[in-house]
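Line by line, the protein sequences are chains A and B. Whatever position you read off the first sequence (first residue = 1), add 553 for the working numbering. Whatever position you read off the second sequence (first residue = 1), add 1 for the working numbering.
Because the hints were derived from the structure by calculation, they are not lab data. Among these hints, one or two may not hold up.
Calculated lysine to aspartate or glutamate pairs in the EDC-like style (CA-CA distance at most 20 Å, straight line) [unchecked claim]:
#, chain 1, residue 1, chain 2, residue 2
1, B, Lys160, B, Glu263
2, B, Lys21, B, Glu181
3, B, Lys166, B, Glu88
4, B, Lys272, A, Asp1168
5, B, Lys272, A, Glu1184
6, A, Lys679, B, Glu263
7, B, Lys162, B, Asp393
8, B, Lys272, A, Asp1077
9, A, Lys966, B, Asp91
10, B, Lys162, B, Glu88
11, B, Lys21, A, Glu965
12, A, Lys1103, A, Asp1171
13, B, Lys291, A, Asp1077
14, B, Lys272, A, Asp1203
15, A, Lys1042, A, Asp1077
Quick caveat, the model's predicted, so the values are computed rather than measured.
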Amino acid sequence: MGKSKMNAARMGSQGPEVVAPEVLMDLMKPHIDSFDYFVDRDKPVISRPMKDQKDGALSLDQRLLPAECRMGGFSYRGTLTADLCIQYSGGNVIRSSMSFGRMPIMVKSSLCHLRGLDGRKMITNKEEAMEMGGYFISNGIERLIRLLIIQKRNLVVGVKRATFRNRGSAYSDKAVMIRLRKQEFLIPIGLILKALVDTTEREIYEQLISVQSEHDKSAKGVVGSQFISQRARIILEEAQRLNLFTRIQCLQYLGERFKHLLDVPASYSFAKVGEKILEDYILVNLDSPRDKFNMIIFMLHKLFALADGLAAPDNADALQHHEILLPGHLLTMFVKERMQEWLYRAKALLVKEMEEKPAFNLQDSSQVHKIIEKSPASDVSKKVEYLLATGNLVSPSGLDLQQASGFTLVAEKLNFLRYISHFRSVHRGAFFATLRTTTVRKLLPESWGFMCPVHTPDGSPCGLLNHLTAACIISTDLDARGVIKNPLKIRKAITSELVSLGMLPSVLSMARVAPPDFLTVHLDGRIIGHMRTLDIPGAVGHLRHCKLAKVLDIPVDLEVAYVPCTSGGAYPGLYLFSTPGRLLRPVKSLSSQHKGELELIGPYEQAYMEIRCPDGTDGGTAGISAYASHEETHALAMLSVVASLTPWSDHNQSPRNMYQCQV
Amino acid sequence: MGKQTMGTPCQALQYRADNKLYRIQTPQTPVARTDNWPKFNVDQFPTGTNAVVAVLAYTGYDMEDAMILNKSSVERGMFHGQIYKTETIDLTKMRRKGDGVVNVFARSDAAATKKGAAPVQNSNFVDTDGLPYIGQIMVEGNPYCSVLNTVTGNAKMSKLKGGDKAVVDFVAAVGTGPKEPMQKVSIRMRYGRNPVIGDKFSSRHGQKGVLSQQWPDIDMPFSAVTGMRPDLIINPHAFPSRMTIGMLLESVAAKVGALKGEFVNATPFQKSASDSKSSKKNKDESLVDKYGRQLKEYGFNYHGTEVMYSGVLGTEMTCEIYMGVVYYQRLRHMVGDKYQVRSTGAVNPVTRQPVKGRKFGGGIRFGEMERDSLLAHGAAYLLHDRLHTCSDYHTADICVRCGSLLSTTPVIQQKSSAAFAVGLGSSKGSKVVCRVCSSSRDIELVAMPYVFRYLASELAAMNIKLTLTIGNG
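Looking at chain B on its own, in the form it has when it is part of the complex (with noise of 0.2 Å):
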């Protein structure tokens, strides 16, 4: 997960314009480090966090790959981040070849007078330069750029989009021309991303987790010896298929190393490597032993492992659990970017179904093998819930004479003036024909999916005729 973690993207942030970037406000160098991190100085753009971690089944919250992190450390800013992103508005794209300068960067005083309240609001987010306040903080809906046009008079504003709340971090104008005014500006908004319920994290060794749980501090479980408590809890049942032994071992060495406050060689293949008199000596020693060994001289157990307490239930835990450091990367897949919710919204206008994608507020496709699913569960009206009723559901006239859908019309009668005073005229607003047939009677009303109705247009338009036959069971 090296290549997704939210890190220090650029250390010159101010003078870039980028789209998006993940930035993590606390980062720190890790204490297991191989050859090649100070080679290639990777610590001049650092990307994850040394948490205390403990392996243990606790709470129920760390099933399949979740797990739990202190509330109380989250909120002393552990792996606490933010995303800029970066709007570009470029009036010079607006105007046609030719024309000269229509469209300014400006606040519009003037329609104070005509539209009453709405300058006043829009006088705390943008100043009078069409541009917004650095440092202004912004929900959905506010403005945070005002074009004039000079023509007209009007004012145009950009309102936020999503969700977030905003804080404007940065403007920059940008020149088109030597005489000309201002044309072109980049906005840059950071939004703040703390650890949510559903963020992603992952160790330097593949294992990867959402965070399901904050917990508190108090209810965590404590060290009988130190009176610590692990940053981060991780289920034990993550390692024995993964066999990710890289991990276990950056535990204890970590833990040695922030003990004695030096950094730990973590290289791989060490015992491979050229000068024979170091590794004469180590080749015998593991480094189980090695790092255990140092472990004993500062008092923990050798094994790594150390006595704990129920956070909860106060009492002591049967077993030893195994606690150490381990360096944790925060991944950029955060559940504020991801989720999505609908009942009602937008629909196609050709099939009159939900439409597709998270930022139109569209649905997520129940597909065929979701189907196949509902079909094995015997689950028939909830099937036809899903398929028919909350989808594209429509009910259509069709003469029960010809069986055509598609010949069938509504006639709009025309309703005398003295037919209305009375209260008198037809019951139903208007009455359906079959064009074919030319009658009104037996038509019927079907409830169908639209999408069907659009299938027997197609078929028309290739000469195919969509008969239907209505009946009773």
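Bound conformation, chain A alone (with noise of 0.2 Å):
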């Protein structure tokens, strides 16, 4: 930075309304995006937040402020409201607005009262003119949803793991196993396969076996041996040991075994609650069963190269295979699941109110409703409240989460960069806290430029706690333009660009497309064709090209994975993600029509990528220079914020750049 630019920014030299700038705003940016992603739609609608009538509602003005909220010690709140719609056999639908209670609003996010105001009419509102948001107001203190560290979604994840093999003879997890309120069930493959599609056990066999090679082992992207077709053939076999043979029989198998467990009327015939089960558990990202039967042989063949050692098993703790679980997410999935569980019990006491008084008149709304309130629908928000109040998250399922407490931190003010580093720290998970192991703790070369090498805590966090690097962005439901992403739009825009490029697209069951000559090609953990080896960095080259000429509903934050062939590495393919949550930072492109534009990639893509250092020089790399794809952006790029601020602190040794970063 020139020496007239440093002088410049002297403090005083702006004016007293200094609002928080661009880049201070982008770190706050995964948290206010989210959460109006949790608030953008029709119904349920979430209003501003306003005065109750009994919070004083003398005052002219009767917004409810969030420095009013701070303090008063109330809670930053905007009313639920949603619509109740009872449908009579066959009848109309009677809608009845409710009221759900008064939900935690983010401050600054769209539903705040101080988004979009400048300086001036911040300070008139009684806040600082630097005032970032990102955080909830519950009973006057300032709290913030941390973010988390997931298990990718979407993606195959080959484990080696003793404990699959313990569970049976010639088990070695020929089984899928699907999570059900907590409880596991190990369903056998062959069943799914049949239950799926209406397909010949020929086309099953073919499908599975066709990536069997009659190359030697250890050339390269071999995937297949000679032991999948006697594989196949097991499973096979499981599906006729039970007998049954055709995809009705399957579903009406599983139906009849899950019947109980699920919450289904009990007019449904057990072949409908199959269809049920792998709608709503098996693969629930994709829809039609075609791409789930897709997906599963696609998972069939990583198992059994996993097996055979021709793939190497993934490592579970490198931030390929992770992403982060954002504040709205959270809410929505807590949220839904309220309403649910408030709408069971709905049904619960109407059903009770049925058979206890003969009277009770089902078409009268007004008695439901009076029925319906004794189990008041404010208790979804009053749930939310205490969610953040305490970080407690209480549900029957868990939400899938290995934690059920520490979602929620306060945000302290004790100082501006322990109050930053807040909004830019992410957890692995408190469960990972009493693990033995250490492997989790360790920082992996493929945190480069995500994670902040030096800001992490020293004694028991160390190494789950993390914060992002300053550059480091997270990707949201929101696009770069501000409105939520489409993904079937998405899918054809990205599906239609790769056709153009020769791939195969999955509609077209081509049993025999497998690697080495043909690769696999993955969108959000759905299939949509296959494509020819050679063709595929053309293809790269070019979706690369798509994201920074900012081609019509090709997302500028996709990530295109392209895993080549190599011996004895990880599984092949063409993986693209579009999804939110996940980690992304700039880097400049080297292409001849982008040169110098940057672009952003992911933590899966980085992997293979080969990207150069911006001195110019080749930097451990021999002869990098001449093929690199990339350039760093600057060296600053791998710290965090925090990490950033310490004066010459490539002097120093590191652990004296931890302590400066300390909690």
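Got two chains here, separate frames each, mind docking them using the hints?
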């Protein structure tokens, strides 16, 4: 930075209404954007925070301001209203609007009164001009929901774990594991495959052995071996042993086993229950049974490769396989579950009322409402407030998270740096603090540019509590223009681009496409097609060009990860991701069309990319300047906000830098 | 230590009711700063002071990571800070559901006739509306809030706890209803926290230390050429094993910056920056060369050292001393918030051992490892003193015949008034009887920790009898 620029940034040279700069607001972006996604919907609606009648409605200004909440010890909340629809068998739907209590609102989100105000207006509203928001106010205390690291969803992770083998003879996980209300059930794969799609066994067999290769085992990219045909036969035989030959029979078998565990009306037939299970519990991110079928076939291929040692197991602790649980998503899941629970309770109350009092008239909506009100709807918001105030998640399913507490944090205003680092901290999860293995705490090279290597506390949370680097952003549901993304459009756009480059879309079920000649193309956990291995690098380059040229509907934060064929390495394929919650960071592109433009990359693709250093030297990898596809922006990009404020930290012993960044 | 510094927590202090806030009074912006400092507007929340630091083993007070501050610098306001603590008093929580307004904030003047001197004192601190005067200085025990019970007419005063002097900073009335009188109030007190021996300071390189002495300005070493005395003295032994060369560089570079009147760019990894023009030039020149050259232009030594005279002896010191400007931060661990002292005090009712906790006047645990070290010294009586005499010393009556600890009971004798008047009666106030043996002979008084007696009762609750054999030697 030039001397003049340094010296211009003196205190007081900018006037009293200094607003938080773009870069600071960007630090809060993951929190605020995810909350905006949570509230941005037609129904249910959350209103802006207004003063309650009993809170002193004598003032002219009915708005409830954050400053008042802080001073008075209240919570910053807005009413949550939703429509309750009652439909009598085949009749009209009766809608009635109900209030579900007062939901906490994030400061400076789209519902906050402070959004979009300039410096002067902020000061008149009794706020700092530099207020950045991103937190909730609960009983006068500023609290924030912390970012948690969870396994990347829609990703097939190959794991070698001894516990699998202990489950039974000839097991080695040729089964599907589903989690139903914190219980795990194993279902034979053959059964699932047959239940999904009405095909012949011959076709299933062909699909499974398509990876079998006549090549030598040690050749690059071979992922199948002779044992596959044996295994494929075993899989099919399992279904036969149960005397299930057609799809309907398989569905009925599934339905029979699981009917009592699900809350389905008694009128459902077994087949319908079976279908529901497949829909709701097997590969829920995919809608059509065909997609699920293809995905399971792929998973089996990867499994076989893993078992034969032709592909390496994935490291579950690497940042590649992680993503972030954003506050808005946590709230969405939680509120949805609470509302469902409230509906079940309402139903139970109605049923009880009907059984006890025969005089009860179900058709009379006022009576129905009176009964429903026995379990007050405002409980939904009360539970959210409880979650915010204590950080404890009370939920029967646990929302598939490994921890039940520690979700929120007091945004301590001890110090500006401490305050900022609360919003940039990511925790691996309280569960991992109890494990004795230390592999989770290690810093892996994959985290370069995403997690700060220096900014982690020492002592018990060392390596579990990390901080995002200054340049790292998290993908949210909002795209570059602030509009919520449409996954269907994205999928269509990407598929059409790739088809124009020679991809064979998955709708044509070609049985004989497999590595090393053809690789599968995934988008968000769905197989969209197969492509010739030789065509893939070109396709990758084209997709990156589309990202930078802002081609319609191709998201700017698309992650294009091409895992090449290797012998004994990771399972090859082309994986594309556009989901929210992923870590991204900007690097300069060196492609001829977009030289110098900033492109966003993710940890999954970073492991297979060549990125060179900006100083023009090779920096360790000989000759990289020649074939690198990207360039780093600045060396400081690998440090977090707090770590980058230490002067000449490159001359200090690294633990000293860690102490300076200490919690 | 960046996150534990006493800095500027917020800009809208008067609109916040945080439980505890630390604030530094006269902060400065650092001379040596990185690119991200102006980028993230950190100057809006400054956190430390540029201090003139000499690396010198002086006075012997700066050993083992302690440091010496210039007393006159401190008196002129360096590192002064305050703590703001807020108390919220909510009367709505005190009333039960359905009751109307019973308690209000008011000073009780009616008690003047009954209690005498009390209300006169109170009127110094608490106004007629039950709230304190803003700016009033209070010490421990002074009332800061008065709540009047309209039904009984009694006034309850909330008294200030803690040994520090407080100033009432801010009183806020919080609305609880349109027609009710004021029911919720938050009062903010300000405590002064100027640097005191025992407070912790740190540079930005993990060099933390405790203030061990405030050395008067006249006794500080002074530079031969400029006559400047350092604000802070840090021991050179802190550098070899820690290898914080960044601090040494900051010292020289900020010295240059202070002389030139410019901020210095201390961004790490500048040599790897992408613009080839400046990096080519700077690649050859090391930072030492760059700043040494500029120091020489101002007449200082190339290496950042200066010839200094001892402040105590007045003679020139044999070595040149490394002196420069370093940004120091004050951390929030202050001795005033941590010290704990007790001779006798509150005890745990169950075990009769001293309680834990600073605010309860408790003691610090003399744990197993401390016990081991006394054993290693062979200090038997000291150990006995720590664990028994000064802890839960107790004398118990034990029946020698049955060995029971719990069956002995004191029996209070009824004395006739006649015997009293004459002065007769047994010399002991009460006799001790063993209920099991039904005799009051063979009862011995034995010293034991009370917790042993507790153990006996707990075992007895499980039907296990603890028997003691009394003997000599």
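What hints, given by number in increasing order, does this structure fail? The structure conflicts with hints 1, 2, 6, 7, 8, 9, 12 and 13, although it agrees with all the remaining ones.
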